[in-house]
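The listed protein sequences correspond, in order, to chains A, B, C, D, E and F. Per my numbering, residue 78 is the first one in the first sequence, and the count goes up by one each step. Per my numbering, residue 78 is the first one in the second sequence, and the count goes up by one each step. Per my numbering, residue 78 is the first one in the third sequence, and the count goes up by one each step. Per my numbering, residue 78 is the first one in the fourth sequence, and the count goes up by one each step. Per my numbering, residue 78 is the first one in the fifth sequence, and the count goes up by one each step. Per my numbering, residue 78 is the first one in the sixth sequence, and the count goes up by one each step.
Since the hints were made in silico from the structure, they are not lab data. You may find that some hints are simply not true.
Same chains, same label: a pair holds when it works inside one copy or across any pair of copies.
[To be verified] Straight-line Cα separation of at most 27 Å, DSSO-like style, residue types lysine-lysine; simulated pairs: (1) LYS387 / LYS166; (2) LYS253 / LYS285; (3) LYS285 / LYS123; (4) LYS136 / LYS285; (5) LYS253 / LYS145; (6) LYS155 / LYS282; (7) LYS88 / LYS120; (8) LYS253 / LYS355; (9) LYS282 / LYS125; (10) LYS285 / LYS318; (11) LYS282 / LYS136; (12) LYS253 / LYS136; (13) LYS253 / LYS88; (14) LYS151 / LYS120; (15) LYS318 / LYS361; (16) LYS387 / LYS377.
There are 6 protein chains.
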Amino acid sequence: MNTRNVYINGKFIPEVDAKLTIFDSALMFGDMVFEMTRSFKKKQFKLKEHLERLYASIKMLEIPITLKIDEMEKLCYKVMEVNDPAFRKDDEHRLMIDITRGPLSIYEHVVDHVGPNVIIADFPLRWTVRGMGKLFDSGVDAFVPSQRAIPAYLLDPKVKNRSRLNYLIVNIQVSKYKGKNAWALLIDPDGNIAEGSGDNFFIVKDGKLFSPEGRNILRGISRQYIMDELCPQLNIQFFEKNIDIYDVTNADEAFYSATPFCIMPATKINGLAIGNGKVGNVTKLLLKQWSKNVEVDIVKQIKQFNKSDKKLNPHAPSPYAFKR
Amino acid sequence: MNTRNVYINGKFIPEVDAKLTIFDSALMFGDMVFEMTRSFKKKQFKLKEHLERLYASIKMLEIPITLKIDEMEKLCYKVMEVNDPAFRKDDEHRLMIDITRGPLSIYEHVVDHVGPNVIIADFPLRWTVRGMGKLFDSGVDAFVPSQRAIPAYLLDPKVKNRSRLNYLIVNIQVSKYKGKNAWALLIDPDGNIAEGSGDNFFIVKDGKLFSPEGRNILRGISRQYIMDELCPQLNIQFFEKNIDIYDVTNADEAFYSATPFCIMPATKINGLAIGNGKVGNVTKLLLKQWSKNVEVDIVKQIKQFNKSDKKLNPHAPSPYAFKR
Amino acid sequence: MNTRNVYINGKFIPEVDAKLTIFDSALMFGDMVFEMTRSFKKKQFKLKEHLERLYASIKMLEIPITLKIDEMEKLCYKVMEVNDPAFRKDDEHRLMIDITRGPLSIYEHVVDHVGPNVIIADFPLRWTVRGMGKLFDSGVDAFVPSQRAIPAYLLDPKVKNRSRLNYLIVNIQVSKYKGKNAWALLIDPDGNIAEGSGDNFFIVKDGKLFSPEGRNILRGISRQYIMDELCPQLNIQFFEKNIDIYDVTNADEAFYSATPFCIMPATKINGLAIGNGKVGNVTKLLLKQWSKNVEVDIVKQIKQFNKSDKKLNPHAPSPYAFKR
Amino acid sequence: MNTRNVYINGKFIPEVDAKLTIFDSALMFGDMVFEMTRSFKKKQFKLKEHLERLYASIKMLEIPITLKIDEMEKLCYKVMEVNDPAFRKDDEHRLMIDITRGPLSIYEHVVDHVGPNVIIADFPLRWTVRGMGKLFDSGVDAFVPSQRAIPAYLLDPKVKNRSRLNYLIVNIQVSKYKGKNAWALLIDPDGNIAEGSGDNFFIVKDGKLFSPEGRNILRGISRQYIMDELCPQLNIQFFEKNIDIYDVTNADEAFYSATPFCIMPATKINGLAIGNGKVGNVTKLLLKQWSKNVEVDIVKQIKQFNKSDKKLNPHAPSPYAFKR
Amino acid sequence: MNTRNVYINGKFIPEVDAKLTIFDSALMFGDMVFEMTRSFKKKQFKLKEHLERLYASIKMLEIPITLKIDEMEKLCYKVMEVNDPAFRKDDEHRLMIDITRGPLSIYEHVVDHVGPNVIIADFPLRWTVRGMGKLFDSGVDAFVPSQRAIPAYLLDPKVKNRSRLNYLIVNIQVSKYKGKNAWALLIDPDGNIAEGSGDNFFIVKDGKLFSPEGRNILRGISRQYIMDELCPQLNIQFFEKNIDIYDVTNADEAFYSATPFCIMPATKINGLAIGNGKVGNVTKLLLKQWSKNVEVDIVKQIKQFNKSDKKLNPHAPSPYAFKR
Amino acid sequence: MNTRNVYINGKFIPEVDAKLTIFDSALMFGDMVFEMTRSFKKKQFKLKEHLERLYASIKMLEIPITLKIDEMEKLCYKVMEVNDPAFRKDDEHRLMIDITRGPLSIYEHVVDHVGPNVIIADFPLRWTVRGMGKLFDSGVDAFVPSQRAIPAYLLDPKVKNRSRLNYLIVNIQVSKYKGKNAWALLIDPDGNIAEGSGDNFFIVKDGKLFSPEGRNILRGISRQYIMDELCPQLNIQFFEKNIDIYDVTNADEAFYSATPFCIMPATKINGLAIGNGKVGNVTKLLLKQWSKNVEVDIVKQIKQFNKSDKKLNPHAPSPYAFKR
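All chains should be built: construct the whole structure from the sequences, respecting the hints.
Structural data, given as structure tokens:
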């Protein structure tokens with residue numbers, strides 16, 4: 078099988094050599110914005126929406142990129158095309174688009190590229206969803222760690238950037254929690270549910286769907302899809318609302334959403350059962366409708382990935398390396 | 078002249094090739110800790126203190142590095158030795174030590190290095206202090222931008238890490254301020270002076286020296302040196318204390334401290350003169366004593382660097398690329 | 078031409094002599110509430126609403142005024158009538174109604190008036206809108222200064238009072254910003270957009286209109302008119318909502334509202350283009366409808382004022398004296 | 078007896094005519110800074126310190142005053158000299174110095190004075206201390222109202238300005254409290270004791286004197302005098318420290334300080350006795366030493382004022398008009 | 078007449094002996110959750126809803142109770158049945174259900190009961206509503222004390238628990254307020270109206286009904302009933318919304334809701350009239366509809382209770398013992 | 078062996094019957110203040126200091142107790158005397174003094190005691206220190222849970238009261254943490270270390286001892302003893318100071334203090350070694366000096382208790398029942 082290549086500033090570079098100079102602003106300041114997508118049946122899902130959010134991030138940080146959004150979109154398709162021969166038939170394409178400001182000016186004379194970097198990597202979705210298949214049945218345990226979400230006015234999570242050490246700290250804290258299948262659920266300093274460490278959160282109460290206001294969170298593309306397309310299709314009322322731990326603990330159902338796995342049931346919070354502690358009906362309906370819309374059985378595909386991975390790839394993921 | 082080489086995980090790599098895989102946690106999460114040092118007369122200054130702070134950062138983030146602090150110290154000397162032939166006689170060695178957790182586990186099979194990265198670069202101090210010479214005479218204008226310092230309980234600046242996009246945002250905000258020679262001066266959400274975007278801050282009032290409590294700031298090695306060594310030598314009383322914009326505006330003198338330039342007078346705040354608007358006597362005394370201790374005229378050396386730079390290097394630094 | 082007279086506690090005093098004792102609570106404590114109105118074709122606009130807000134302010138501060146709201150309204154008309162001969166034909170009447178508690182009791186025996194003051198001034202609207210005409214074409218640049226809006230629980234901006242030094246500080250900060258045509262846009266300590274330093278703020282996104290919740294802002298009469306009358310007329314959906322800098326930066330359009338200029342397009346935030354950086358369609362529609370409703374071309378009138386002002390009045394306004 | 082005259086911009090105006098145009102920034106924005114002093118035996122006390130604080134306030138607000146501090150000092154003496162004939166023999170001079178930015182530029186052509194106003198009034202101290210004599214024996218009851226002190230980063234109380242409606246609101250709240258002889262004691266939003274509505278606060282515990290850190294308070298000249306002069310004289314240890322309601326309730330003694338009354342014992346907090354509920358020894362010592370230093374028995378003088386006031390002046394002060 | 082008995086862990090104990098060991102977690106940690114209900118015509122009102130909230134509280138605190146909710150409901154009926162002979166004909170049953178975790182483990186060997194306690198007391202509603210009858214005519218005065226509501230993220234009031242010393246502190250503060258018929262109205266640290274010290278709060282503005290968002294409050298069963306049943310019945314629009322003191326002061330009507338008295342008009346806030354200072358029409362309508370629904374004239378019944386109480390029971394309630 | 082008796086309002090009641098009516102304010106509002114002491118060699122330690130703190134708590138809550146502090150002290154000795162026959166020779170007396178306001182007034186006619194309750198229990202210290210012996214060798218792991226300390230201005234922990242559900246919630250959170258021998262370490266909402274869930278916290282750095290400022294904590298008697306007596310005896314410099322997680326993680330040593338165990342080494346924080354991960358020298362010195370002062374080998378005694386407990390008492394403590 079062929080190997081994958083990463084697009085970097087106009088060239089295709091073998092994955093193993095896809096690297097960035099240590100003098101880049103990305104490594105000096107965490108000054109990189111990014112998007113990560115997925116395909117269904119090898120067709121990119123909501124690529125336009127991802128790119129629009131990417132350009133919103135670029136604008137907020139005033140990165141002087143000249144590439145237009147349409148050109149970026151074409152590049153994405155080109156990268157998939159170039160790499161597809163290196164993908165298995167049943168794989169899905171997970172694009173990772175990284176934009177940096179480039180090396181700091183004082184280092185410009187010692188690097189081989191000056192100005193913003195455009196990097197597009199393309200790798201199998203199966204890597205990201207490793208070990209997730211069984212969680213669609215059990216649901217995960219949403220654990221509220223000690224680390225709080227950073228409010229937007231201090232560092233805006235709506236700008237999808239790489240200064241996100243706090244998410245990694247959260248993952249470390251989760252790894253010290255006794256509960257099984259624990260995923261992070263952050264609250265902001267006011268106690269409002271914010272998000273996971275790479276995903277959004279929803280609860281179902283009395284048949285209605287709620288998700289935190291889009292303030293101290295990344296406004297996920299999946300979240301938007303659920304709100305704007307799945308809910309109307311299924312006639313489910315949706316509300317953006319401040320919710321807290323009490324609301325989640327006493328909800329009927331809950332789930333996370335994110336690009337790679339779409340919807341992941343959360344059947345516990347801090348070890349306490351949400352609803353009856355089983356995957357809820359609204360959650361199932363949403364997953365089913367999404368699967369129908371994209372013509373891929375989302376859960377089944379991930380379970381299939383997991384099964385074949387076990388045979389092929391002995392690398393055990395770290396406890397906090399598997400999300401988004 | 079020879080070119081410089083960067084130490085990366087046991088090897089010396091030419092500067093231009095000193096790169097990190099895009100799958101590294103450093104680029105995924107801003108998950109890198111670092112130190113930047115300087116020499117005086119090519120002898121490293123307070124290297125041990127820098128490394129102790131580095132290991133405190135590593136510990137806080139639980140990066141599973143195996144290299145001991147003594148080995149790290151030896152490596153630093155080795156890197157200087159290897160690179161010295163590529164340095165001009167009058168140069169100083171600025172070491173940049175970067176530690177990352179390594180590639181996320183799901184990417185481990187596609188990269189050429191697994192586990193934490195140890196990177197030690199060595200470059201001329203003159204790059205960092207470009208254009209600073211004249212500021213020792215005029216002093217800088219401390220500008221309080223709209224962006225606030227992130228409090229330690231949300232993302233601890235005492236851990237010297239690369240998730241520091243907020244400092245870059247601050248620099249952008251400073252670049253939109255009308256004042257000349259403006260440097261950032263951040264306040265935290267409670268209105269206490271925190272730090273610059275890469276330096277600490279001091280004021281002098283009635284002959285006493287004050288610096289913000291070491292809470293929402295990086296506890297600078299230079300700051301510590303001033304507190305613990307210069308002040309006793311000069312019989313200056315020093316206090317860590319919450320200070321605010323009123324205190325700075327009505328101080329007699331003020332200055333920034335950081336490794337590359339040691340002490341930089343601040344003669345204005347938000348365009349208003351501090352004291353008589355001239356570089357103050359205590360500031361001068363401290364700079365003089367420091368110079369004496371290290372047997373280098375700190376200001377003169379930087380002015381000399383700037384002069385020769387102008388001849389040799391036409392690259393203009395961006396407005397926010399010159400600090401620390 | 079006649080000169081204008083100011084109503085003070087039952088008498089009409091020439092404008093130049095309209096003064097308040099330095100022993101008044103207004104000057105001792107900033108203890109004055111006020112309203113400023115405008116006419117269209119010399120008919121007061123929403124005078125009742127202004128007076129209702131005035132009486133709400135009076136109530137909140139427990140100023141023991143005996144004048145009833147209906148009497149106040151009649152007085153306003155009387156003041157216009159008295160002064161109209163001193164107005165040019167094309168002028169509009171800007172009333173300024175000031176209410177104070179009166180001199181502190183310990184000074185009562187040395188002043189010529191005891192108890193609350195009722196002051197109604199009447200001056201040409203053209204003064205207030207000086208230099209604004211061209212801004213309707215370019216739009217203004219909304220600049221977020223370092224100073225935060227004071228939350229209502231500390232000093233309620235809904236009470237339209239004169240303890241508003243913070244707005245003046247904001248204007249000073251704006252004057253130090255490099256951008257052209259900059260107007261202040263304050264955020265509160267939680268990072269929510271609050272208001273300008275004398276106006277409310279709106280954004281348009283996907284055809285819908287949003288304005289901050291009426292909490293840490295003055296609830297403008299113009300804002301209310303847009304919400305309650307213009308939006309229904311134009312079939313525009315309106316929402317009160319917490320919005321932040323990200324939302325404004327990524328909005329399609331934005332504008333300020335206030336009594337003298339009604340609606341002022343904001344085409345930039347912190348120097349970054351909002352939408353395509355031009356005055357937006359919804360903004361134009363609202364201005365047009367408002368003009369239609371009041372039978373005055375709002376923009377044209379202000380431009381006309383500005384043109385004649387240049388000829389007649391050489392006084393240059395200070396950078397922060399021209400709003401509301 | 079002669080009447081008093083107020084110095085306004087170079088002229089002496091009879092007290093009753095000492096007025097400010099309604100178009101002044103002072104009345105538009107609460108944009109006035111001020112000082113209020115007192116004499117002992119008709120010699121001004123700490124006038125220099127008052128003026129230095131005044132000029133710090135002027136600087137913080139960037140009021141473009143041209144008068145130098147020495148000229149201001151001379152003016153103060155001049156004002157006293159001019160007015161002394163209108164003072165009784167046993168009176169003390171209370172100077173009130175008001176500085177404003179002047180009328181807003183758009184009104185400049187209709188007023189009789191353009192640019193900053195300098196106003197110096199001089200009136201008998203007895204007015205301000207009306208009814209206070211007996212409180213030196215009983216002590217006052219420090220009541221913590223619902224209104225919080227505004228933190229310095231939102232509106233700095235260290236800048237002695239007239240946007241101080243919050244102090245008036247506090248006084249209204251105190252007037253609704255059942256306790257007798259109640260004076261306000263504000264806490265800031267973090268629960269730290271700040272100040273009164275025109276005075277500073279101290280507690281005595283185990284023979285040591287404590288006062289809140291100089292952050293969210295006006296840094297009183299009297300406070301400074303106690304700290305810097307009285308305490309060393311009396312060998313009392315003094316500490317600036319965050320204190321809260323618990324600390325006050327369990328203190329041995331407490332008192333307020335301010336220019337007109339110097340030191341006022343607080344024997345209760347929220348109706349609960351502080352210490353044994355009587356005026357404390359350290360409080361008495363401080364008052365005694367102060368009296369000695371200025372050669373005036375401070376308490377006796379005020380009691381004498383009160384006695385003669387009753388005969389002469391039937392005006393009853395409002396409940397919140399008597400302080401500072 | 079018979080005496081009442083309290084159900085404790087399976088037994089019926091005379092009221093006077095209904096006690097809990099001092100080693101219980103309830104007395105060690107305030108670790109008790111509870112509900113208090115009432116009947117109309119001796120039929121429990123919304124008992125199921127009370128029990129559901131009780132079980133939500135139990136879940137949040139992880140009290141290992143084994144009794145199922147249905148069994149608890151039956152027990153409640155049983156307790157009423159057992160006690161009814163001890164009730165007057167016209168009485169109503171007020172159940173108090175207390176659940177504790179039981180004695181701390183280190184004391185288990187010295188107590189006569191181990192594990193959670195289930196306590197159900199049943200007493201006449203008339204005790205709780207003592208003296209309230211006349212308030213339905215005058216309305217109460219909502220007083221905002223200095224003590225703030227504890228935000229949910231620090232101690233969640235939605236969990237109806239006995240660690241509620243802050244409510245008692247509030248009641249003490251109210252008792253020091255001069256106003257007549259004062260009831261507490263708490264604001265949270267952000268200045269939003271929260272709740273009373275045992276009741277929820279509503280305002281009416283322009284015919285619409287508003288109550289604070291269900292975040293930093295107990296979500297009352299009465300509140301829910303008004304929202305979900307009375308408002309639809311009466312065609313009144315209801316909104317959960319952040320409201321503050323300004324909103325209440327300028328509302329048309331206001332009232333408290335709680336189980337024992339259902340709806341209590343608030344005609345003042347901090348002594349200022351709300352609306353015209355009389356009981357409002359919407360308030361009356363809601364009370365009337367509620368009375369109709371339960372076939373009891375709520376106000377008349379309470380007035381009747383009060384009348385007979387005066388004759389029978391000389392115990393004067395403490396100022397803060399009469400609510401909920 | 079005899080059984081112990083609890084003093085309740087003048088009577089001695091067998092331990093098993095020491096109960097409080099469910100109508101008491103203690104159970105209604107968590108309205109109880111308390112102290113828990115210990116003896117060394119059966120002599121009470123710092124009883125006076127405990128009682129002074131108790132009376133400060135009583136004062137803050139305005140509980141109308143008539144018993145004087147001296148009478149209370151005598152009662153304490155009496156209780157010990159009465160109970161000593163029920164104690165083993167090697168036991169120590171742990172007094173628990175509980176004060177409540179008494180039954181709410183509306184229940185006064187149904188209870189057998191009206192007015193404040195005074196309860197003094199006396200039980201063997203060994204109960205409280207169960208299982209602690211081995212921890213003196215290993216040290217405990219200080220775990221920072223998600224629950225924050227409630228700041229004093231919302232509910233003052235300096236008032237030692239029973240509305241302390243938050244401490245119990247903390248203990249539940251600790252029980253879900255993977256680490257062994259974990260004890261809670263709370264931070265306040267500003268990120269400052271506060272206290273444990275029943276103990277104070279100290280760190281040692283460079284030979285100096287630090288403990289959090291006495292603001293959002295109970296000011297422990299043991300803490301005070303270490304500060305005021307042990308440190309001077311041992312010539313150790315002590316500072317009250319805001320410290321945070323970074324400071325603890327990078328400290329040389331750390332420990333908890335509380336009455337029953339005096340000083341407990343903390344050798345880890347969140348699973349990371351503090352210093353070299355062993356019990357530190359300053360910690361040992363303090364324990365040794367304390368033992369010397371009281372003539373009891375504190376650690377040895379507790380280990381001895383634990384050894385005999387194992388034989389005699391099979392009751393396993395709950396994970397959060399063993400502290401203070």
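Do the hints match the structure? See the list:
{"no.": "1", "hint": "LYS387 / LYS166", "result": "within (18 Å within a copy, 58 Å between copies)"}
{"no.": "2", "hint": "LYS253 / LYS285", "result": "neither (33 Å within a copy, 31 Å between copies)"}
{"no.": "3", "hint": "LYS285 / LYS123", "result": "both (25 Å within a copy, 23 Å between copies)"}
{"no.": "4", "hint": "LYS136 / LYS285", "result": "between (35 Å within a copy, 22 Å between copies)"}
{"no.": "5", "hint": "LYS253 / LYS145", "result": "between (44 Å within a copy, 25 Å between copies)"}
{"no.": "6", "hint": "LYS155 / LYS282", "result": "neither (44 Å within a copy, 32 Å between copies)"}
{"no.": "7", "hint": "LYS88 / LYS120", "result": "within (23 Å within a copy, 42 Å between copies)"}
{"no.": "8", "hint": "LYS253 / LYS355", "result": "both (24 Å within a copy, 21 Å between copies)"}
{"no.": "9", "hint": "LYS282 / LYS125", "result": "between (32 Å within a copy, 18 Å between copies)"}
{"no.": "10", "hint": "LYS285 / LYS318", "result": "both (12 Å within a copy, 19 Å between copies)"}
{"no.": "11", "hint": "LYS282 / LYS136", "result": "between (37 Å within a copy, 17 Å between copies)"}
{"no.": "12", "hint": "LYS253 / LYS136", "result": "between (38 Å within a copy, 16 Å between copies)"}
{"no.": "13", "hint": "LYS253 / LYS88", "result": "neither (42 Å within a copy, 35 Å between copies)"}
{"no.": "14", "hint": "LYS151 / LYS120", "result": "within (13 Å within a copy, 53 Å between copies)"}
{"no.": "15", "hint": "LYS318 / LYS361", "result": "within (22 Å within a copy, 32 Å between copies)"}
{"no.": "16", "hint": "LYS387 / LYS377", "result": "within (16 Å within a copy, 54 Å between copies)"}
Figure legend: structure checked against the earlier numbered hints; hints not met, in rising order: 2, 6, 13.
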